[in-house]
Every structure is written in structure tokens, then in C-alpha cells.
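Residue numbers (the working numbering), protein chains in the order written: chain W, 99 to 555; chain E, 99 to 555.
Rather than coming from a laboratory, the hints here were simulated on the basis of the structure. A virtual CB, placed ideally from N, CA and C, is assigned to each residue, including glycine. Check the hints yourself; a few may be wrong.
Unchecked claim - Here are the simulated DSS-like pairs of lysine-lysine, each with C-alpha atoms no more than 25 Å apart in a straight line:
| id | chain 1 | residue 1 | chain 2 | residue 2 |
| --- | --- | --- | --- | --- |
| 1 | E | Lys354 | W | Lys354 |
| 2 | W | Lys157 | W | Lys107 |
| 3 | E | Lys107 | W | Lys107 |
| 4 | E | Lys107 | E | Lys129 |
| 5 | W | Lys107 | E | Lys354 |
| 6 | W | Lys353 | E | Lys107 |
| 7 | E | Lys423 | E | Lys200 |
| 8 | W | Lys297 | W | Lys228 |
| 9 | W | Lys157 | W | Lys129 |
| 10 | W | Lys227 | W | Lys143 |
| 11 | E | Lys200 | E | Lys354 |
| 12 | E | Lys471 | E | Lys117 |
| 13 | W | Lys143 | W | Lys117 |
| 14 | W | Lys354 | E | Lys107 |
| 15 | E | Lys200 | E | Lys117 |
| 16 | W | Lys129 | W | Lys354 |
| 17 | W | Lys353 | W | Lys200 |
| 18 | W | Lys107 | E | Lys117 |
| 19 | W | Lys107 | E | Lys353 |
| 20 | E | Lys200 | E | Lys387 |
| 21 | E | Lys143 | E | Lys157 |
| 22 | W | Lys117 | E | Lys107 |
| 23 | E | Lys127 | E | Lys423 |
| 24 | E | Lys107 | E | Lys509 |
As the list claims (entries may be wrong) - FRET-style restraints, in silico, Cβ to Cβ:
| id | chain 1 | residue 1 | chain 2 | residue 2 | range |
| --- | --- | --- | --- | --- | --- |
| 25 | W | Lys117 | E | Asn162 | 50 to 56 Å |
| 26 | W | Asn162 | E | Val465 | 54 to 60 Å |
| 27 | E | Thr321 | W | Val524 | 53 to 59 Å |
Protein chains: 2
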Amino acid sequence: MSINEVPYKIYLTEEEMPKAWYNLRSAMKTKPAPLLNPGTGQPMKAEELAPVFCEELIKQELDNDTEYFPIPDEILSFYKMYRPSPLVRAYFLEQALGTPAKIYYKFEGNNTSGSHKLNSAVAQAYYAKKQGLKGVTTETGAGQWGTALSMACSFFGLDCKVYMVKVSYEQKPFRREVMRTYGADVTPSPSMNTAIGRKILEMHPGTTGSLGCAISEAVEVATSTPGYRYVLGSVLNQVLLHQSIIGLETEAALKKYNITPDIIIGCAGGGSNLGGLIAPFMRDKLQGKSDVRIIAVEPASCPSLTRGVYAYDFCDTGMVCPLAKMYTLGSNYIPAPNHAGGLRYHGMSSILSELYDEGYMEAVSAVQTDVFKAAEQFARVEGILPAPESSHAIKVAIDEALKCKETGEAKTIVFGLTGTGYFDLVAYQNFHDGVMTDYIPTDEEIAASVSTLPAVK
Amino acid sequence: MSINEVPYKIYLTEEEMPKAWYNLRSAMKTKPAPLLNPGTGQPMKAEELAPVFCEELIKQELDNDTEYFPIPDEILSFYKMYRPSPLVRAYFLEQALGTPAKIYYKFEGNNTSGSHKLNSAVAQAYYAKKQGLKGVTTETGAGQWGTALSMACSFFGLDCKVYMVKVSYEQKPFRREVMRTYGADVTPSPSMNTAIGRKILEMHPGTTGSLGCAISEAVEVATSTPGYRYVLGSVLNQVLLHQSIIGLETEAALKKYNITPDIIIGCAGGGSNLGGLIAPFMRDKLQGKSDVRIIAVEPASCPSLTRGVYAYDFCDTGMVCPLAKMYTLGSNYIPAPNHAGGLRYHGMSSILSELYDEGYMEAVSAVQTDVFKAAEQFARVEGILPAPESSHAIKVAIDEALKCKETGEAKTIVFGLTGTGYFDLVAYQNFHDGVMTDYIPTDEEIAASVSTLPAVK
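Just chain W, same shape as in the assembly (with noise of 0.2 Å):
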């Protein structure tokens, strides 16, 4: 096995990195349900959206026809520091499974936020610098993505307040450390600093938080801090637009090796990873060109396509957010806190939603503990530790992977590594010491909690 044919590594060189990002949603016949002003039930204009997000910003998240968006010289420049990102031939991990399947990852991890959010951070701080703002606030669950913004923020002379989800703040306090090195503002929510912080505080004084309420918190000092506009790291359509980057990486990669893909595995939160790895690949598939299957992996304690309603619903817990359509467990639905990890949104991107519920996309649901033997099992072979939200692709792939073993086929799979798991090592911890538990919402708390959808007409 020392020498092959296709190196362990794909690299791109820099001419050949993308110079754009796609739009998936020009290839979408259906497109994504726009964003509703809570109040009149209409889309939300551009001019509504302006006092939350950046110019440039709302344009991209408008826009459902342009299908590729030029990336600008400053941001390619900065993309030239970390990638382009490897496309990996996971030739130990077959060995190790013995199966006749070809893996490949997109590794993600290897820049110091740890993870893919970068490629969307320096974007929203590229806009917000060149529209003359003083700083952005933001929301980060597990911390990759406040992280991320961080060290984009930094580059670019921008402040940085993030509103980080308490239990993760307290979990993984040299998340902080990272940020704090990169001069962001970092403050545990809920939080007393907002009104409606000090409410979710009076209302449930033991919570652990959640990412909706961390929303709800930096969408208001956003909106009444002068010169701040709030930016987000997944969900959104324009999220999905920069993070087209991996998967148009790796389109170029294995047109480079004349592979196709027979199987695209992502992990799902908001949807930013997943989105992007498929998006060159959706494209195709849209167009009848392709019929990769394509296979989202979620947290079974949370569980929003698999188990979730598609709806209008709140972004946030404090309901300041316009409605987004999506499949949602609920704006105040909270995993459990045993849940470790990132990919604890009660929604997932409507671009996303949509091709789900239009059955282009597949998706599972993986318990934590499977998904940490997962971890253990790649780390050992592949030499890398993943993010425990990574893992939940590497599960399933490994999972794909056995089933090619026991029928024999060769297939082709390609999953999104998107980071790795440094920050993570409490969680690693409790796995190693059998004390990791998991959980799975019963239908009738997801009942409850998708009871409190609004009503759309």
C-alpha cells in the first residue's frame, strides 16, 4: 500500500482553488421559503433585514437566481492561509474495515479555529469591515464558530462580542482562551447584559442555555449598539453560499482523480457544513446529471429532519429573529445537557429543508456514544482526533462502509470532516470513562416543544 494511484492527499494548487462561490439555490426549482417579518407575515425586505445584517450580507441572502458570487481578493488572500483543505484518502480506515469501499474526507480541521466556520467568518467580516462598521456580535455553541470570527475579526480590525451558550462556556474554557488570544469579547449566556437574557434568566434560573437564546442575545446588542451588526455561522442562506467553498474544493479534487461520488455523508446542525459539501453535487443532482445519494447526520437527542415539522418557526428563543422556514423541533427546544458538542439547533437551514422535504437528501440519526466509537476508531487509524461533530459523518461512513463489505461493492464515499476535536476532550473524557450517556427525546417532548410553532398563514 505504499505507493497508489491517488495520493493519500488531494491537494488543489492556489491557481486552481475556486475563485467564486456557487449559489445552490439557482439550481433549486422550489426555491427556499423566504424569511417572514413576524409581525406582518410578509417576506422580509432588504431594508427590514439592514439593521441586523450587513448590506452586502442581506443582498446574498436574497438572492436566489445569481449562481456564482465572485470571492473578493482580500478573501481569497486569506483563504490562501489555511486552504485549500485536503481531500483525504482514508486508506487506513478502509484497512482497518476491510472493505472494498473507497473513502475520502474533506478535512476542515486544520486551522486554528478547528473547524470549516472560518470560510464563512471571513466572509461576514469582510463585509462589515468594508461597510465601515465598528464590530459584530455573534452567538457560538461549542465554539468554532465564535472562534472562527475571532481570528477574522482580528485580521480585518473589527470588534467581536460573542455570546457563547453557558454550558460550553463552562465546559471548555480554553475555547474562551482562543478567542480572548484573538481580542473578541466573550460573555456566557444567558447573560444579564440583555433584556432578554435577564428574562430567559428569571424565567429558568438554572438554565445551561441554548444557541437560540445566545441569537436572542446578540441580535439585540447588535441592534441597539451603534456601528454593530449581528452575524451568524450557519442557517442562513449566505452561510451556505461561502461554505460552497469545500464542496466546490472538492468537486475540483476528484475531477482531478476522475472519481464520482456514489455517496455524500455531512453532519447537521444549522446545516453550514453540509450545505457546502454538497452543493456542486446537489447542483448535478438537481439537473439529472447525478444520482449521488447524498445523507445528513444528525444528533439523535437533536433531531430536526428526522424527527422535526417543517414550518415556519423563530430563529431565536427570544423571538426577535424573522421566521424561517425549516424543519425545527421548536425554537425553545434544548438538548439535554448531556449532549456533547456542537449541532444543537432546534432548525435547519431552509435550503436544506426544502431539498429534504423534496426528497433529494437522506438523513439518520446517530446516538453519542456510537458516534464517539466512531471518533476512537478513526482517530486510531487516520491519525486525527475529530470533533464530536464530525464524528456523526464518520459513523455513518463507516457504517456505509460495512454494508459495502458485506455486498462486496466498491462504492465511493466522500464525508465532511469538518473539524477536530482539541476542545473537546472533556466529552472524550467521559466516553473513556464510561460515563457518557445518551439521550432521545421522547415524541412527546418533541410534541410539546413543536407546539409553540407561530401561526403562518
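Since chain W is already given, all that's left is putting chain E on it; use the hints.
Positioned in the frame of chain W, the structure of chain E alone reads:
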């Protein structure tokens, strides 16, 4: 700055990767002094080393003449998992400094062990497995070597017992957790497991441990447990041989773009990174083909090259190892507890010591608050959170680049960025909180420590 002739990252292809390690000793007129038997004062023979080290590694250790050692296929395959590492052009750092200098760094942190240590770990584990051993023992300071060895042993199915300097064990619980993911057995040193550990604890009950002490424990366990040998992550000739992969890749990457370095800078603890990075460049210098400046950077709190003596000394505190001729602070020297990160060994590789003594290499020291300032500056513009060890090289690279700014010279500076700082965030936190202090030993302290050197005819 969007299009540059030299890309941000120069990657070799797999075909361009070195297929053999380069033995710098073969180019040295005066060979490094041999290891001595502490009892007889005579050079150690292979059979005397055999109870401690693996056979193939002993051959590499004692061979001063062979120029190239072919890298076995199994190791080459493993290398392809995380190598070639990128040679990065620090465009953003140059811009931030406003220097005409061209700065490159060889980044070895893109693997889960977080450093270059994996390059030798995989070689040593491979030869141990090939010899039919059951397991290996080792020491680790900051934890990078222990993590690397755990990964390598897990890959080849070897047991791995790690003695971790107690201060690091306590400051870096997550390091231990990564090693555990790879199945290693980690013990804080000094421990009650060994005779030497018990003796040291009796003499110094509150000791925070040292590398020299952890080495003694690991050697004792290796030599008293059937089927085990001891492996070491730095200092030894064999380790510098394996690490030559860093320098050979750097040389090949520079040649692709016709770049000739003026200055090469590396941090120096035991010398593994520096010795590997400079190998082909020092060869050219020894052969009169180059006048490149080579600079070793060591911590002011552990200044073996700049303030030690060049003499035979014990390699370990327990005096169970052979004697080595090296620049040393005395085998009882322990850096002050406020010293963060690695680079805490009392001596320096015999190869580097000899080259330094002959004037082929410069050495400077840096205090740690200056090192962390450089680390933070680098992190903010280059997007990588560096290890404290690596940041010693960053500090001096910045100093040299600023000298170029004054003189207007466009020198080419290459430095080794040996690893990432994800597990050093307690130190970063101390730095941010303003509670990090510097320590420079007094002449009296060093004189007292070197007074313990053994008498060698």
C-alpha cells in the same frame, strides 16, 4: 497581494517527498562525541545499548558515516497521512511588520500530536514492532512527544507507557486524554512505580518533576520489563536523523521556487526540531557551499547553549543512562516552575553541541513574556495559534525581520514552526491575565548545577 509568484503554502507532491533520511553526521569532519559507559568511561557498544534501545535504532545511533537511510515503506505510508507539511510564506506577517524580508515557516503542527515529534515517533514504533517487542516506555515534558508516540504505538499495535513530567501532567489534563484516546498508559513523574522515582520523591517531596527524572523512570521500567525498550523524542542522533525529513522537505520546497535562505531559525530544547530542520542546509555549510546563518533559540530559563558548559554529562537525573557530551546545565538542572511549555531539557544534542562549538551555528535566548508577545502577534496575522516552543523561533524571526526593515535588506528568513498551542492555553491565559513572569537563572545557580558533572578522563 492577491496573486503572488510564490504561493502562500508550498506543498510537495507525494512523489517529491524525501524517500530517505539524511544523516548530518556524515558531513561533519569532527564527529559528535560518542556516548560513554558511565562505569568504564569507554564508548558504548551496540550490545551495551541493546537492553535499552531497539536494535535498528542503535545502528542508526552509532552510524556516523552513512549519508542516507532509506525510509521503510510502512513509515513512508504513515508519513503520507500528515506529510508533506507546508512551507508557508508569511505574507501577512511581513505586511504587519512592514519588512522587506521574506519570511517562510515550515509548519509541523498539522497532525493530532500537534508537533514535529510524530516524525521520529512513527520510526521508533515501527522498529520496535519489527523487532517483535511488546511495548515501549518514554518520558514526555509538554506532552507533544508522548502524544506522538501514543499515536504511533496505537497504529502499530504496541503498548506505550508514558512518564509525564508532573508539572505538565497537572497543567495539561487534556494532553493525557489524547494519549488515552490512543490507548497509552500515562503516569506523572516522579512516581512511586520505580526505585528512582521513589528515591527522588524522598529527597525532593514537593518536586514538580523534570525531563531528566522522567527519563530515568522510563528507562528503569523498560529495562526491567520483558519485551520492552525505551524510546526518546529528542537529543539522540537517531532522532535528528528521522527529523531530517523536515529539512529535506524544506530544501525541496525552496528549490521549487529557486529560493536561497539567508537565515534559518529554530527553537532548541534537546535539538530534535532544529537538528532536523537544518540538516541539508548545514551540510552545504560544512561543505563550503553556503554561508547561511543558523540560529538556535532557547528559553532564558533553560539556556544550555548560551550559558551551559560543553562537557560529558548524565542524560538523566537518575544517572542510569550513558554519558553524552553536550552543552549542559547539569543533569540536576530544573527550570523554574513559572517556565511554560517544553524546551526544558538540561542538555543539547551532541551533534548540535559540536556544530555550535565549532562556530557553525549561533544561539540566542528569549524570556517567555517576549515569546508570548511574538506568539500572539503571529497568531493574529497568520491564523495559527503557535506552541510556546515554536514561538521562540517566531520571536527571533520577527527580530531579524525588523533588522531588515532598518537596513532595507530583503533577506530570506526560514523558521521552524514546530507545533500548535492548543494544549498550552493555561500559559496563554496567564499571559493575557498579566501574571506570566520571566525567570533567568543566576550565574551562581548555573555554577552550582554544572558542579555535578561527572569526572570523565
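Exercise. Starting from lysine 353 (chain W), check that the Cα of lysine 107 (chain E) is at most 25 Å away, please.
Key: Satisfied, since the Cα-Cα distance of roughly 22 Å is no more than 25 Å.
Quiz prompt | Straight-line alpha-carbon gap lysine 107 (chain E) to lysine 129 (chain E), limit 25 Å | solution = violated (36 Å)
Practice problem: Decide if the proposed pair is consistent with the structure: lysine 127 (chain E) and lysine 423 (chain E), CA atoms, cutoff 25 Å inclusive. | Solution: holds (17 Å)
Exercise. Please work out if lysine 423 (chain E) and lysine 200 (chain E) have their alpha carbons no farther apart than 25 Å.
Key: violated (36 Å)
Exercise. Could you grab the alpha-carbon distance between lysine 107 (chain E) and lysine 107 (chain W) and see if it respects the 25 Å cut-off?
Key: holds (15 Å)
Quiz item: Given the hint that lysine 200 (chain E) pairs with lysine 354 (chain E), does the C-alpha gap stay at or below 25 Å?
Solution: Roughly 16 Å between the alpha carbons, so the hint for lysine 200 (chain E) and lysine 354 (chain E) holds.
Exercise. Verify the proposed pairing of lysine 297 (chain W) with lysine 228 (chain W), using a straight-line Cα cut of 25 Å.
Key: violated (35 Å)
Quiz item: Are the Cα atoms of lysine 353 (chain W) and lysine 200 (chain W) separated by 25 Å or less?
Solution: Holds: lysine 353 (chain W) and lysine 200 (chain W) sit about 15 Å apart, inside 25 Å.
Quiz item: Is the hinted range of 54 to 60 Å satisfied by the C-beta distance from asparagine 162 (chain W) to valine 465 (chain E)?
Solution: holds (57 Å)
Practice problem: With a cut-off of 25 Å on the C-alpha distance, tell me whether lysine 200 (chain E) and lysine 387 (chain E) pass. | Solution: holds (22 Å)
Quiz item: Are the Cα positions of lysine 107 (chain W) and lysine 353 (chain E) separated by 25 Å at most?
Solution: The hint holds at about 22 Å.
Quiz item: For the pair supplied as a hint, lysine 227 (chain W) and lysine 143 (chain W), is the alpha-carbon distance within the 25 Å limit?
Solution: Holds, because 23 Å separates the two Cα atoms, which is no more than 25 Å.
This entry does not satisfy hints 2, 4, 7, 8, 12, 13, 15, 16 and 27, going by the numbered hints stated previously.
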